[in-house]
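Q: Following the hints, put chain B in place on chain A, whose structure we already have.
Chains as they are written, first to last, in our numbering: chain A, 11 to 624; chain B, 549 to 900.
For the record, the hints were derived by calculation from the structure and aren't laboratory data. All residues carry an ideal CB built from backbone N, CA and C; glycine is no exception. Hints are all accurate, no fakes.
Estimated spans, in silico, between C-beta atoms of each pair: (1) Lys496(A) <-> Pro881(B): 26 to 34 Å; (2) Thr271(A) <-> Thr780(B): 54 to 62 Å; (3) Thr580(B) <-> Thr504(A): 54 to 62 Å; (4) Pro881(B) <-> Lys586(A): 47 to 55 Å; (5) His785(B) <-> Glu427(A): 53 to 61 Å; (6) Arg797(B) <-> Glu427(A): 25 to 33 Å; (7) Gln270(A) <-> Ala566(B): 33 to 41 Å; (8) Ser665(B) <-> Tyr470(A): 31 to 39 Å; (9) Gly669(B) <-> Gly66(A): 31 to 39 Å; (10) Arg264(A) <-> Pro881(B): 18 to 26 Å.
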Amino acid sequence: MPGLIANANRVNDFVMKFANVNGTGSASANSLIMKAIFRMGVPVTGKNYFPSNIQGLPTWYEIRVTRDGYAARASQVDIMVAMNAETYSRDVRELCSGGYLIYDSTWPRSSLLQRGDITVIEVPLAKLVNENFDGVRNRILLKNVAYAGVIAALIDVDLEVISGLLRESYGKKPKLLDSNTKALRLGYDFVKENLKSPLALRVEHMDKTRGHIMIDGNTAAGLGCVYAGATVGAWYPITPSTSLMDAFKGFCERYRVDPQTGERNFAVLQAEDELAAVGMVLGASWNGARAFTPTSGPGISLMNEFVGLAYYAEVPCVIFDVQRVGPSTGMPTRTQQSDLLICAYASHGDTRHVLLFPANPEECFYMAVQAFDIAERLQTPVFVLSDLDIGMNDWMCPDLQWDDAYRPDRGKILSAEELAGLEKFYRYVDRDDDAITYRTLPGTSSKGAYFTRGSGHNQYGGYTEDSAEYQGVLDRLKRKFANAPKYLPKPAITAAGGNEVGIVSIGSCDGAIREALDVLRRQKIDVDYLRVKAFPFNSDVESFLKSHSTVFVVEQNRDAQLKSLLTLETSVEKSKLHSILSYSGFPMSAEPIVNGIRAKLAEAPRLTAVPRKS
Amino acid sequence: MSYINKPKVSHPSLPTNALGMTRRQYEGSMSTLCAGCGHDSVTASIIEACWGLALRPEQLVKLSGIGCSSKTTAYFVSGSHGFNSVHGRMPSIASGANAANRRLTYVGVSGDGDSLSIGIGQLVHAIRRNVNMLYLIENNGVYGLTKGQFSASADIGTKAKRGDVNSSPPIDPVLLALTLGATFVARSFSGDKAQLVPLIQAGMRHNGFALIDVLSPCVTFNDHEGSTKSYTFTREHYHAAVETDFVPRAQEIAVDYAAGESIPVSLHDGSRVILRKLDPAYDPTDRSAAYNYIETKLKHNEYVTGLIHIDETDSTEFHNLNRTAQAPLNSIPYEKLSPGRAALDKLMDRYR
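Bound conformation, chain B alone:
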């Protein structure tokens, strides 16, 4: 069988969101990934995040490259258009799609091979271009579909299933994004839904490129002892420096936050994120400080998670810089696009 249809069963008592939709209505087709794959947990968090935001499915665009992670765009929100492109080239598809219609919500799902090896050029330039999209890297340190080769995110000293030890230094997508001036950089763990869901929601609402590096263990090829991307290692070494609450637009902040410990950030659409610092020494709004903090911790084998950096001044977002019309370019009537015959007749004199 080439694919499995997922039965659409819904119970009348399932909770609904502001659109009257249940979580089930945000699901996609059946996953064909291995049982226990971290990516399926990320998929579940995306579904939860979209349901929580009461996003209209047709307003979402799902994009991916090639690999296990890239397959997952078929496993959530089947009412959205999806584009599973070629290996490492999803950012260019996203850039073009976003140029054509700035009004939709774009979510790209990629992996460490797709993003940090074959596609690193496109990732880097999508960050630089500041395309308004959420870009998730489901990072497991290995190539799954080709059976367990190290990827560019594999740590020095990590062991492959067959015993090889990696000696090449890893590329850390979080440090990379900070270097490039990304305006929203986060790290999370597929097993921490409570942390991941608000990050996804905030990333979708951020006006600009939002990167979330999600540690998402590969149960088949990279979950053994000696691996630094296993469930066990991740639970022991990944710690939040900041907790993020996402507060949708028009919702009152109900919880009291201790002054000095929490930083409220208003997002483009009127929603907010409240950053609660777990380490008082950490400042997620200062890019250089964030970089130094993450790098120092990495040296001690500590992986910092949470919303690591946010800059909500959106002046460098692609359409802001381009001064693109507010109406989506794909909806502008032809009459407004063609200069017409009279203009052409006049123009001809320039060429005589």
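The following block holds chain A by itself, in its conformation from the complex:
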């Protein structure tokens, strides 16, 4: 056995990466370790880097143990659990100096030892498992649990916590509980008997996860749809949005089925494609149900035509875009924020749409509810732009809260009684002078009947080819959009006051930015931060841009789409904006932000980033 190289003694602050083969059941072992650390009260994040594949291709899972509660991906790997022979060489390369490599030494790889600055830990996992269990599939699955046991011993995870998790999972299947517990002990005991443990990188009980949960954004958004009172969901399966509808359906089966009759207070329609999915949402919303569709980039491309109809005919519509890497099919299992522009201006003709930008699963839950209120209040499509990192990875979030006093804002819908009191009903007349007109639902009363059309129409809802009548409606739509920010979430601003340098960003960059701000602060660089939560932009965005002489726009795409939107939709001077971009497909880390800001400030020494106020 090689002697363990001493590492800096880092408690509750390191990164482990698991290199696995897709489809071998490693995900449950990895989340077992993550959840055990979380239950020890230690903040943790889990990022899954998986292939677009069912079985066979390499897949990685990264667990960051972070006592400071950072949500971003870390930019270095301290412990590599190399369980995929195919990727050994790159996995070894990725490990930071002083790090630990754990591999299955049933088949020794002396070449791995060539890197002198790491510690290689050899565990004959396959041998241990094969000696103790039968069946090929069983052995493959239990080898994962065995390495979980190895890790538990090496980093000092409380074995009782892991056993508790196993009991919860397999409590009703004693045979499985027995085999999993045995496999866990195989790995754990091997380390205890043969190696020096724990490592310098280890976990200790803390109390920083109380009142928190580990949840992914798609689950949270699906739950939000249930709490929003959505009854119709339509979709076409597409990575990485699929689990949002799975979650909605699962929660509805739990909460929306009459126990006596078996009748369901919801309908989920699996459409033939995304064109049909969004058409179903329009049909259902037009008919008075709260309806939504989850999708990703390619689906958004297909939905464009209907989105234009919804905008022009003023039909509420909620679309979750769990963004992935484009263009085209791109990398379906990698993350990006590259659908901003297509969503903001989706469809031909003059169209502009409301966008919401959740930064984490917690916001996915609340913004899902808000999206329906906004869509019905403004009678327009609302896009919730999440991404694969938020949607499919487990994030530590405060417990989700609910106020039972909440009632949906259904917007301006006239009842039969209200219609009876009117002399005549016209669909697009601006009665309240707020650019939002009244709608009626089919089945209410023939007095409220109107004809919905995507062809030119006047304020009475009639077909028109008259320029003035057409423009009247189009100009009101522009006013409606201009008024929209008062119904939208305001930006989150972290500002010391007096700083000349600011960051503007959206969504899942948040974790990396917060961490970067801490790093910069330690280096005596103070930077303000505004996180946009919605489009069209609130006037606070305009003020922030105005009051900072240098603004870094941080986003996850190649073409600086947020920066484009800011230059198009605010009066900001373009030369003030500097992009920090990440479009590798991996979630953003703090490093490029720190480096980008430092490099720019070094270039222009006259800029002062520290507070000037005395």
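A: For chain B alone, coordinates are given in the frame of chain A:
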């Protein structure tokens, strides 16, 4: 002028239906289609059918895509909500609308371009989903608004107005629907109101997807010699294999039907259709037999009309399969939809 208002004149002696409404009250705005267009006759049959059923206008939902046929939803029952959507995508709007409120009567009007080319995917899947709606295809074999290109229903050898001869095989919506397992499939002719009105009524009352392919000649681009969708050709080659009588709920059957010649079918709402076979060899309740019969006749340039196939076992209707609540989903009070705070608090433990 962009549209024409239709004067609402009614005479006190006009006959009224069970709701006390006249036929005029089921009309819509003035048609802007060409004089003599088959589609206007279909519109008239829809008005007659709705009046005859004493349908409350607000209980009807009119849906369409894009094209001459799709414009017609504005020309009937102005007291109903209408949704003129995008080209070929009406079935998805109908599916969503129907999911939100299963209680209303949904009528979709489409054309051969809207249904068989750009929208064939949505049509096929609405049939498969068995959405409870009546879907009318006003089939004239050409694109009218873009001036006379062949559509996917144009027959081999049919001549366009400018002389081109079509060589691509047609898609027959009736055979297509039968293949897909549609539970109500009919064919008719815009000029045969006596046949069409009861078919529309039965289609509206059928619990599931009801398709009626209506030959509806285009007087401007496809009514010349050499066209297989002209008025003359249609009158010569379209023949009923079965006649359909629609008997509303609670109405006694007054006519005597010869045993063996007639097949009574009870519909979901208690109304009935009586199918009178004109060809004894034909059985409209047997889908495979119906398919073979239609296909054989087509080979001889004979277009069979009437209620070609009906299956009133409605177990595959969308809401039946989904086990949707009987109350429309859009009317369920929020209190019944939200699990509430206590449930959320409890749920949080699953994520620790």
